[in-house]
Structures are given as structure tokens and as C-alpha cells.
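In order, the protein sequences belong to chains Z and C. Take -11 as the starting number for the first sequence in our numbering and just add one per residue. Take 16 as the starting number for the second sequence in our numbering and just add one per residue.
Hints may contain errors.
[As the list claims (entries may be wrong)] Chain Z side only, calculated, beta carbon under 8 Å to chain C, not exhaustive:
#1 VAL(-5)
#2 VAL137
#3 THR138
#4 VAL141
#5 LYS178
#6 TYR209
#7 ILE211
#8 ASN212
#9 SER226
#10 ASP235
[Stated by the list, open to error] Here are the simulated DMTMM-like cross-link-like pairs (lysine to aspartate or glutamate), alpha carbons at most 20 Å apart as the crow flies:
#11 LYS89(Z) x ASP44(Z)
#12 LYS178(Z) x GLU147(Z)
#13 LYS189(C) x GLU173(C)
#14 LYS107(Z) x ASP328(C)
#15 LYS89(Z) x GLU57(Z)
#16 LYS139(Z) x GLU213(C)
#17 LYS178(Z) x ASP261(C)
#18 LYS178(Z) x ASP36(C)
#19 LYS189(C) x ASP274(C)
#20 LYS139(Z) x GLU315(C)
#21 LYS33(C) x ASP202(Z)
None of these hints come from the bench; they were simulated from the model. For glycine and all other residues, C-beta sits at the position ideal for the given N, C-alpha and C.
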Amino acid sequence: MPSEPLVAEHILEFPGGYARTTGPVIGRFLTELRGGRIVGVRTAEGKVLVPPLEYDPASGEAVTEEFVEVGPAGTVTAWAWVDEPRGGHPLDRPFAWATIKLDGADTALVHAVDAGNAKALRIGSRVWPVWRSERTGHITDISYFAPEVTKIVSPVRAEYRLQVGGSLLTFLEGVERGVFLGGRCPSCEKVYVPYRVFCPACGGPIADQLELPDTGTITTYAINNLPDPRAPEVPFVSAYILLDGADIPMIALVGGVPAHEVRQGMRVRAEWVPEGERTKSMANVRWFAPTGEPDVEL
Amino acid sequence: MGNRCAVIGVGQTHYTTKRRDVSIAGLVREAAVRALEDAGLTFKDIDAVVVGKAPDLFEGVMMPEAYLADALGAAGKPMMRVHTAGSVGGSTALVGASLIQGGVHDRVLVVAFEKQSESNATWALSTHLPFSASLVVGAGGYFAPHIREYIRRTGAPEHIGHLVAVKDRLNALKNPYAHLKIPGIDLKMVESTPMLWEPIRYLDTCPSSDGACAMVLSSESAVTGTPAWLHGTAMRSEPIFRADRDTVSPQAGKDCAADVYRQAGVTDPRRQIDVAEVYVPFSWYEPMWLENLGFAADSEGWKLTESGATALDGDTPWNASGGVLSSNPIGASGLIRFAEAALQVRGMAGEHQVDGARLALGHAYGGGAQFFAMWIVGREKP
Chain Z
-11 MPSEPLVAEH
-1 ILEFPGGYAR
9 TTGPVIGRFL
19 TELRGGRIVG
29 VRTAEGKVLV
39 PPLEYDPASG
49 EAVTEEFVEV
59 GPAGTVTAWA
69 WVDEPRGGHP
79 LDRPFAWATI
89 KLDGADTALV
99 HAVDAGNAKA
109 LRIGSRVWPV
119 WRSERTGHIT
129 DISYFAPEVT
139 KIVSPVRAEY
149 RLQVGGSLLT
159 FLEGVERGVF
169 LGGRCPSCEK
179 VYVPYRVFCP
189 ACGGPIADQL
199 ELPDTGTITT
209 YAINNLPDPR
219 APEVPFVSAY
229 ILLDGADIPM
239 IALVGGVPAH
249 EVRQGMRVRA
259 EWVPEGERTK
269 SMANVRWFAP
279 TGEPDVEL
Chain C
16 MGNRCAVIGV
26 GQTHYTTKRR
36 DVSIAGLVRE
46 AAVRALEDAG
56 LTFKDIDAVV
66 VGKAPDLFEG
76 VMMPEAYLAD
86 ALGAAGKPMM
96 RVHTAGSVGG
106 STALVGASLI
116 QGGVHDRVLV
126 VAFEKQSESN
136 ATWALSTHLP
146 FSASLVVGAG
156 GYFAPHIREY
166 IRRTGAPEHI
176 GHLVAVKDRL
186 NALKNPYAHL
196 KIPGIDLKMV
206 ESTPMLWEPI
216 RYLDTCPSSD
226 GACAMVLSSE
236 SAVTGTPAWL
246 HGTAMRSEPI
256 FRADRDTVSP
266 QAGKDCAADV
276 YRQAGVTDPR
286 RQIDVAEVYV
296 PFSWYEPMWL
306 ENLGFAADSE
316 GWKLTESGAT
326 ALDGDTPWNA
336 SGGVLSSNPI
346 GASGLIRFAE
356 AALQVRGMAG
366 EHQVDGARLA
376 LGHAYGGGAQ
386 FFAMWIVGRE
396 KP
């Protein structure tokens, strides 16, 4: 016995392809395809065959000379999904072979359907031909069929150039120096942080700035189990932190403690990034971490 | 309160994850036509149209009211857009009602919608502007700390939120328009769903829905069919960033309730209001609003929920329709509450009808619980 089978490639192909005459019925169908139309032929019994046949398979009689324009849309009557298209297939991406009953036809045509994925097709799906731009009179003049358009993608994009307002700029300049700036409303005496120029409660102006300490108390918080690019891990804690001396809490990340050990009333201090890395941004505060002091009664 | 006003037509689409078969115009049209059919009227009989929806960023259609004028038969008529975040549906009904109460029009069509499947609401609510220090991820991330604070203050046990999550979904099974239908839902099922924003589990949250709701409002002289009469209407707002703001039980909510009760002559809401449709997008907001709306004393709301009083067969049913927890086309959610209240007093709520309902509350809130809209409707004329 030889140890290896003896193998050779062999290609059987008539040079240039067969020259096939169509006859008048199939020829008419292909001529109409070249013109961007799909026609069927009527049988003696009145049925419309698409694609046309020369002889009625039901009776064996010659079909009539009456051609009927059908479609162009049709309904899928059966289909099989092709996950891995082969070289000779009409599409280079997964598609369906389907039998399609074009509107006005009594029989179904086999063609490819570009449906994206198998879930998008069902028996009864409506499909439309997508035509080749250069037509020659061949069934491939229809590149494939495609489902009806039911959805479009509508990109909406607006580009802004945002300039920080005066009060927020003041606050962020403070943050760059490592301090939180707030302001006291002269009429209701409430201390707001971040610094702002008018009081949201009484509407009066806030002129005076004051520096607040970077320590405070967690009033309440959420343990977030959904990831966020601004948080280092999941779960993360976003907390309302009432800075000492402030009357309104700030929302900030809590770190340096497991999420489930965070408590309402817990004392925390801002953990600043090193001085050389600071910018006019809240990113200067990595997070607030517990100070170890006893909890505050809320 | 001005001239008498009544709801004479209600129309809803079925609420679902994706309405792939219609455009936004087709969606609102469906609700509007149903409301007109209910009133026995056509677009010709309408004097003005008021449209409400939540932020334009949800669908990316800027000023959709302009595009929707044709679909709502508004050509040649006054048309306006209302926007007050999540409470917008309620505010839309109240703006429409004010046009009748003020004697300006006889019949006003109010319509609200959302087609959430066109984008993602959490994305649209968390656009992360530069320089902003906010660390809030969607509505759940915003409301979770306030729910935690409610639990701390009241000592409510952990399962209270889950009870609401079950109760509202059981009601939804009786509402043909409801989105979430979860036969066999129980406490164990809710407790086994993932924790999203502690203490909020997946089934403690509302779904994302496509849908629209519409109502025909009428002056007394133009009433057709079965009216639900307005006994009180109120809106309030408050600044979201204000020192000493009570985010658990906002003052604006209390003031809004006091106003609407005063107009309707309600002094004991739990006894006098037969059924309430209250905006509860996260389950814990039922006990929170029970207190804010005066159905229970401070710290006692959760006990009312736990006792079953707010169930369909309880003494003060809340969200017989399944509520926002079962259907949430955001912009329409408030209007649905108002419409369901009207259906109840008209005796047209079908399988989720509360027997003999004569007075009903519709409620909506929005933003960071900073916008409130309420109405009380009754079977009899005020």
C-alpha cells in the first residue's frame, strides 16, 4: 500500500462558457430583466408562472404568449439561511436562499435575500429586488432581494465649544489650588458649594466667597452596579457629601473603602491628586475617603 | 378654578418595547384617533392641540410638535408644546385644561408620547458636560440615594419596594395596554433580579416603552359621551439645588397636593379618593409618595403598602393600571396617570376598574423630583 493517496486538482470548464439559446419565453423574461422589469407568462389555465416556463408543468401544454409584469415586491414563502457563503454565491455575507412569490405571480422564484440576520426573516416577509446597475439579461441582473425599509439610522451630532461661566470658573480655580470655594447668601445665610453668584432659594446675589474644608459627612449614597467611565470599578459609591460648613451636599465618588462598608453619617475627606497633576477640574479629587472619625448623627 | 372642564375622550396605544411598525407621527395619531372615537368626535371638532413629551434628545427630533401638527389635525389651530421633564404628561393635561377653564376654547386635544426605542434614555439623561462634577448615572442613579434616605428615616424593611414591584405588575395583567406582563410574578422573582443602583433591583424599575396617550377635554357646554369632571388642578416646582431641600418628600409635592385637595374639598385623601394613579417609576416611590401626598403620616407610608391597602382590592388602590412600573413611554407616563384616573371615574377602566370609583387622583412628577402636576377628577360635576 502506498503511504500517501495520490491526488491532483482537475478543472472541468468549457472555455468561455456554453452558448445557450433561450427560446422566446425565457428570452423574453431575460430581456425584461435587462430592462429592469420582472415578467411571468400566463398558462392556458390562466396561472402566471414566474420565472416563466415554456411548457406548463401541470398540463404539459405550451404556455400562452401573454406576458404579465409582476412584483417587483414579493412575499417569502420559504427560506434557508446560509451562514457561510461560498465563492459562487451571490452575496459574500450571510444570506438566505428563499422562494419568493412576487405580487401577481402564482408560483415562487428562488433568489437570495440579504436580510442581515436570520431573525429578520420569516415566512410572509415582504422583500424587494435590488438591481445590478449594469444589466445584461441574466437572473443575476437582480443582485438580491432585500426586506422592506422600516427603519433608518438618523445621526444627530452637535459640536459645542463650552466656556465655563464666571462662578464655576472661580470654583474650579479653587479646586486647582486644592480648596473648595463656596458662597454665603447674605439674606438666608445658607452656604452654597460649588460657589455660585445667586441664591436658588431667595434669588438674591451672593458676592462673598468662602473657603470650605475638604472634609465632610456622607448624607446618603447609591451603590452603583452599572459601570461608568469615571469610576474605577464596579460597584462604586456615588455619595451626597455635605462639606463641613456647607448647607448643600455635593455628589462625589467615595473610595478607599469597600462599597458595602459606606454608611450614612460617615466622615470623609477629599483625596487630591498630586499638586503637579492638578487642573481646573473636579478630576483633581480622586474621591472622598473615610477619615476614621466617629459617624455623625443625621 | 375657572369654568368647568371634563375629560370626554381617552385614547391609548398599547405600550411596548419597540413599535417598529409606525413613525412617531403614526404613534401619536393612533392615540389621538382613539381619544376622538371615545368622545364621538373628529379632528374638526377640536379647537386647539397641546403636545407634551420629555427631552428632545430621547428621539433626536428637535421641536417634534412642529412635525406632528399634521398628524394631530392641528393645521390652522393653536398648537403648543409642554415640557416639564417626567411630569410633562400631567402638565400637558393641565395646560390643555387651563385653556378650557379660562374660557378660551371648548374642546382641546392633549397628546403626549415617547418612542424610547429610538435611542436610550439613560444616555440622554447622562450626557456628561465638560467641567460638570456630576456623578449621576441615569434616573436610577439619581433616585437611589433618596430612597436610601427614606429607608433610614422610616426604618422600612427591605422588601417593601419589592411588594410594590409585584403589586403593580399584577395589576398590569388586567390592563390590555400595559407593557410589562409578568404572569406569576412574586416577591422571590423580584428579589432574584440583579441589583442595579442599591437598593433598586431590576424589577423595582420601570421599563422603557414606546407609546402615546391622548385625551379630549371639553367645556361644560360641549360635553359628549361620558364625562370625568375636573375637581382640582395644580402644578408646582422647586429649585433642585436649594439648601435644606427635602429630596425625600419635596415641599413642591406637598404644596401641589394641598392645592389640589383644597379645590376638590378633600381633607382626608385616603378615605375620600377612591383610586389614585401616582407616578411611581421606582417601586419605593409608592410609600414615599403615600406620605408626601398625605395618604399616610410621616414614616407610615411603607406600613400602608405592606398592609395591602394600595392593592386593587385594598381600601385605597394605587396604580390599578399597573402604573409607570408596568408602562413607561416617559413623556406620556404622566398623561396616562391622568387618563387612567378619568377612566376610573367614568367607569371605563375594564378589568382593573375599582368598583364605584367616584373621585380619582392623577399625579406626575419629574426632573429631580422638582416638578409636580396633579388633578382630581370625579363622576359628578364639581
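| field | Pairwise hint evaluation, ASP261(C) against LYS178(Z), where the allowed Cα distance is 20 Å at most | value | holds, 15 Å
| request: Against chain C, run the beta carbon of VAL141(Z) and see if the smallest gap drops under 8 Å. | output: Hint on VAL141(Z): violated, closest Cβ of chain C at ~10 Å, above 8 Å.
| query | Holds or violated: are the alpha carbons of LYS89(Z) and ASP44(Z) at most 20 Å from each other? | reply | Cα-Cα ~17 Å, so holds.
| said: Please check whether THR138(Z) passes as an interface residue: C-beta within 8 Å of a C-beta belonging to chain C. | reply: Check passed: Cβ of THR138(Z) comes within 6 Å of chain C, closer than 8 Å.
| said: Is the interface hint satisfied for LYS178(Z)? The criterion is a beta-carbon contact with chain C at less than 8 Å. | reply: With a closest approach of 4 Å, the LYS178(Z) hint holds.
| Within a Cα-Cα threshold of 20 Å, do LYS178(Z) and GLU147(Z) meet the stated pairing? | violated, 37 Å
| said: Is the interface hint satisfied for TYR209(Z)? The criterion is a beta-carbon contact with chain C at less than 8 Å. | reply: holds, 5 Å
| task | Mind checking the alpha carbons of LYS107(Z) and ASP328(C) for me, to see if they're no more than 20 Å apart? | result | violated, 42 Å
| query | Within 20 Å, alpha carbon to alpha carbon, are LYS139(Z) and GLU213(C)? | reply | violated, 36 Å
| message | Is the interface hint satisfied for ASN212(Z)? The criterion is a beta-carbon contact with chain C at less than 8 Å. | response | holds, 5 Å
| Proposed proximity, GLU173(C) with LYS189(C) (alpha carbon, max 20 Å) | Status violated; Cα separation ~27 Å.
| said: Against the 20 Å threshold, does the CA-CA distance of LYS33(C) and ASP202(Z) hold or violate the hint? | reply: Judged against 20 Å, a Cα distance of about 47 Å means the pair is violated.
Consistency note: the structure conflicts with the earlier hints numbered 1, 2, 4, 12, 13, 14, 16, 18, 19, 20, 21.
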